[in-house]
Amino acid sequence: MNRFAELLDRLAYEPGRNNKLRLITGYFREVPDPDRGYALAALTGALSFKHAKAGLIRDLIASRTDPVLFELSYDYVGDLSETVALMWPKSPEIAHNNPPPPTLTEVVTTLRTLAKAELPAQLMRWLDELDETGRWALLKLVTGAMRIGVSARLAKTAAAALGDKDPHDVELIWPGLAPPYGELFAWLEGRADKPVNRNPAPFRPVMLAHAIEESDFANLDASDFVAEWKWDGIRIQAVSGKGDDDKIVTRLYSRTGEDVTGSFPDLTPSLRLPGAIDGELLVLREGRVQSFNVLQQRLNRKNVTPKLIKDYPIHLRAYDLLSDGETDLRELPFEQRRAKLETFIAELDDDRIDLSAQIPFATWDALTSARADPAGAGAGEDADAVEGVMLKRRDSAYLPGRPKGQWWKWKRDPHVIDAVLMYAQRGHGKRSSYYSDYTFGVWTAGENGDQLVPVGKAYFGFTDEELLQIDRFVRRNTTEKFGPVRHVTHEPDKGLVLEVAFEGLARSSRHKSGVAMRFPRISRLRWDKPPAEADRLETLERMLKSETTITPAEPATS
Amino acid sequence: MRPQDILMPVPAGLYCKPGGFHIDPVRPVDRAVITHGHSDHARPGHGHVLATQETLDMMRLRYGDNFACSTQTIAYAETVKLGDVTVSCHPAGHVLGSAQMAVTCKDICIVASGDYKDAHDPTCTPFEVVPCDVFITEATFGLPVFRHGDTADEVKKLLASVALFPERAHLVGAYSLGKAQRVIKLIRQAGYDAPIYLHGAMEKITHYYQSRGIDLGELRPVKGVRKADLAGTITLAPPSATSDVWTRRFPDPVTAFASGWMRVRARARQRGVELPLVISDHADWDGLIATIGATGAGEIWVTHGQEDALVHWCQTQGLTARPLALVGYGDEEEEETLPPGESAEA
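In the order they appear, the protein sequences are chains A and B. Using the working numbering, read the first sequence as starting at 1 and increasing by one per residue. Using the working numbering, read the second sequence as starting at 1001 and increasing by one per residue.
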């Protein structure tokens, strides 16, 4: 447990992805089975213990410490698990006997079988046996609130690196594996063959597109490509296969291979034929595709309630067919896969699943007009949910990753506003000494005339050279400092105007301005523009009116 | 005579009326008794200063030869008479030359401990318990969440990170008086014998430590070293420099910070610290309460820090305790700002 705790501790402070990977891979290399397997399970979110709640932890600490000292400490530290871990007083008996701390395996296997009534005493014993970092990791583990900035994908990538394997290969066999993943590590260390994926509905690594640039078109022949709308939803892989008992097993995977089947019980019955569809999840109401903002209400919910399902009916728009029954189609050219997809969707004949329409075009000019006016070019009333255009080579095989020259995405032009830099914060890792996170605002009428109201934050979009320029500006124009945040001069005649590009707007009660931007980034520095001439909040509100036709329903309650 | 007739808090600091002096005054006074060289305790501009040789030397290094009109040295275990009181000096274990000042008047003994720690420190004389009637204690880490473990383990963490990331530079933020030299010494004791690099603001005081016979191995100024040559090295710098433009001279630096505050994650994150090292020059919670008990004092006065919790604890132990509410002392790490001109190019 202590070695695992050390890993979590280090990960919690490490901002860089590559460094996180090295820390995790280093751990896998050093720690034997089955401990490392349970660590992988913890990092990928494959473990959950239902009985351990914050209230229980509070009771434990109350039984051991002075309540005044606990409250003062909790107030100072601000995190329950951490406060308890730091101030836990060992029982004198334990301090004398000095029993060895539990291993991660002991903790996981014990918690799985322990009755609820036995939990408090067991946790106390462990808290006595572990050091502070160990206690902290234990409490994070049992309450399930890790928050150390490691995704399941990252943990699997770190495992793959142990055996110099492609993370996609790990992703492929993952659904057939279970903690503590002995088979997986044996394969990664070259001691055994690759585990066979017995999953009847396995994930296949997703094919992605490159963003196209103006200059690319000169080298591309329009007749080599077909075009489709790029829908603003969630990319999904819907796979059905026959299980051992000949029953259909259906799984839904995110583009990184995470199993999200549980979130969409309303879609799975529609996928009754064996095959693997690559498509987009959308919310449709009365046949109309809803904006991404509406879809978002349906995502990341712990409880998928009947109300949620009714208010946000989910729909699958099919782009591609990766397997038809048992037959793998990925080597075929796109055109042939498309023909098979059309037959497959027709056979399914289900309201919840349809084909992604193609855009007829003969020249790049024709496609340019279609992209500029999706409503007039076939997207009709759904045009608002179109994010741009996808170009696919007619002869492209379905290749994992982002192969060159096969698929292109050509997004609609982003919205652009001029905003004023208000606050700046230092970045992390390589940017740790640079002010690289920017809060920007637009003008609105206030009690004492016009004032700036923050409308968003951006931390990319600029070049390295521009970063240096902004950093210098921030350092020379700081009016106040709050911890890591600098308050930057923003007067009508003094300050820095940033051109901010973004993909969409949503109403937000969490932001003072009432709006939240999607995917904001700095597109240009407007040294030439005085802050007084930056945009106004009214401009954003007008955009909002034209974007959102339906106010998001209240969050579903359980 | 009551204890508060001997020592009382006034705006300038702790005032001893029968002795005619202030302890660690925060504004200029005629006669000052100074516990140690940190800038919130040792300030320039007093008429007469009584302190250990090391503390006087450090004040001279920091403030120049005219930091006071006259000075007087007191050694550990030495007693001097000042007015109607006697003052004796005892090691506080905080930094080189740090002292507790025991003030005795008639039959009452009050110990002003300044900043202190009872933990091991190879760069200064160990803390000594002084039996007394009233013990004046700091409370920088006066909450039971502050328990500082073995410093050797923390240094091991640093060296493991250096081994794991040989292409990156490791920057260790450490207060330039005391903490930095202790960290260097601990790194040496862990067996690391490569040159250690220093930020310019560290050089003077570190060389002073070396001149007092503390072996710190080979030290080099970081100024002028090529970026690529700093891969795999360790550099000590004042905490404020580790988030400054100064760090741009290092290849993909790992930011470490040696401080007792590093026990609390939020404190480390706020500072953008990637490798927190819990190494403190103040007593932790266990150290505070053990020391209070060992002095045998029936009355405890608590100065700067987390007074509430420590006063509460004393009261649960049946001790008379009160906060002194002195203004102007704090965690020296939070206070340390670089002299102008040193931040970018030192």
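Calculated from the structure, these hints are not laboratory results. Just so you know, not all the hints are guaranteed correct.
[What the hints assert, rightly or not] DSS-like, lysine-lysine: derived pairs with alpha carbons at most 30 Å apart:
#1 A:Lys242 <-> A:Lys302
#2 B:Lys1156 <-> A:Lys90
#3 A:Lys50 <-> A:Lys302
#4 A:Lys50 <-> A:Lys90
#5 A:Lys457 <-> A:Lys529
#6 A:Lys512 <-> A:Lys481
#7 B:Lys1157 <-> A:Lys90
#8 B:Lys1157 <-> B:Lys1106
#9 B:Lys1156 <-> A:Lys481
Verification of the supplied hints:
no.	hint	result
1	A:Lys242 <-> A:Lys302	holds (28 Å)
2	B:Lys1156 <-> A:Lys90	holds (25 Å)
3	A:Lys50 <-> A:Lys302	holds (14 Å)
4	A:Lys50 <-> A:Lys90	holds (26 Å)
5	A:Lys457 <-> A:Lys529	holds (20 Å)
6	A:Lys512 <-> A:Lys481	holds (21 Å)
7	B:Lys1157 <-> A:Lys90	holds (24 Å)
8	B:Lys1157 <-> B:Lys1106	violated (51 Å)
9	B:Lys1156 <-> A:Lys481	violated (35 Å)
The structure does not agree with the numbered hints 8 and 9 stated previously, though it agrees with the rest.
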